[in-house]
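Novice: Dock chain R against the given chain P, drawing on the hints supplied.
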Amino acid sequence: MLSSTVRLLMRSGSLLRPLIITARPLSIKPTLINLTEKRKTLINEIPRRWSHVHYTYPMIESRVMLILRLFDKIDSNSLKLDSRFVQDLGLDSLDIVEITAALEDEFWTEIPDCDSDHFATPRHVIQYLCDKYDVYEHIEPISAGKEYLEEAKAAADRAHH
Amino acid sequence: MSKNLTYFRVLQLYKRIIKISYSWQAINHPSKTLEEQIYFRNQARELFRKNKNVKDSNEIEEHIREGEARIELACHYRNPYPRLVNLPTYSLPPNRNRIRFKSEYETEDMSRPIYLKSFETKEETLDNDEQFKSN
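Top to bottom, those sequences are chains P and R. By full-length UniProt numbering, the letter at position 82 of the first sequence is numbered 82, and the numbering carries on one by one without gaps. By full-length UniProt numbering, the letter at position 108 of the second sequence is numbered 108, and the numbering carries on one by one without gaps.
If you're looking for bench data, these hints aren't it; they were derived computationally from the structure. Given the structure is predicted, the values throughout are model-derived calculations rather than measurements. Backbone N, C-alpha and C fix where the C-beta goes; we use that ideal spot for every residue, glycine too. Among the hints, a few may not be true.
Taking CB as the label site, the calculated pair distances span [what the hints assert, rightly or not]:
| id | chain 1 | residue 1 | chain 2 | residue 2 | range |
| --- | --- | --- | --- | --- | --- |
| 1 | P | HIS160 | R | ARG83 | 46 to 56 Å |
| 2 | P | ASP72 | R | ASP109 | 31 to 41 Å |
| 3 | R | ASN97 | P | ARG63 | 54 to 64 Å |
| 4 | P | ALA120 | R | THR6 | 15 to 25 Å |
| 5 | R | ILE64 | P | ASP117 | 11 to 21 Å |
| 6 | P | ASP117 | R | VAL54 | 14 to 24 Å |
One chain only, chain P, in its complex shape (with noise of 0.2 Å):
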């Protein structure tokens, strides 16, 4: 709920651009401008992650699947961790520029042209992310309790079959 809200703010960040006549430096620290009363918002903030929450590999494989199942030129049912974008599923170049469009929006991170070129499978997607967030297989976050074992097991017979 309250990650929601802070993306609410973040996107009306983007009616701001229109109101503000020059161009701030990042020396300067942030300051309010007060628009209305109920609207108070902190320009030249950075997009921070919030760090309780824990990225695994479960969360991400999931994530990444659910992204690429909602994306309609894709059949959900022929849609495995090795299935290839170009020969299996007939994707076109401009169809993985629109996937990495969405992982950026999904993850709230950037990846560059060079990178999403090399996407061959989803495997390979959920690695590079694997590697931009330091996730590891084999090591489990400190909150990790039992359903998290669990799923942690599906996942990696997922991944290795």
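Specialist: What follows is chain R alone, placed relative to chain P:
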């Protein structure tokens, strides 16, 4: 597909359009934000795929310019639809009851602005013949 500079430029343009569509707010018609976002993405998809097989490097450059012009106009006027243009001088609008001369097509091709490069008029002469035959 050789991965030269123009390939990456085209992909970068496509990505830019998709990124704009995610954070697009329709200021003129606030209730149609989602519709305009969907229009953005669908237009990009259609036109990029339609012009996928263009080989001539000058043509590709002009299509890239077309994409950038559409982005600039959409962001400036907050309106993703292509800006309307008038007919060129000494030409009439296409009409089913009249054969359109080749010079009229040529003047229209010459006077079309860069951001409408992918929208071409269809040949009307064949339709006239078919109509006469059915009647």
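Novice: Could you run down the list of hints and mark each one as holding or not?
Specialist: Structure-based check of each hint:
no., hint, result
1, HIS160/P to ARG83/R: 46 to 56 Å, "55 Å, holds"
2, ASP72/P to ASP109/R: 31 to 41 Å, "35 Å, holds"
3, ASN97/R to ARG63/P: 54 to 64 Å, "59 Å, holds"
4, ALA120/P to THR6/R: 15 to 25 Å, "23 Å, holds"
5, ILE64/R to ASP117/P: 11 to 21 Å, "18 Å, holds"
6, ASP117/P to VAL54/R: 14 to 24 Å, "20 Å, holds"
In summary, this structure violates none of the numbered hints.
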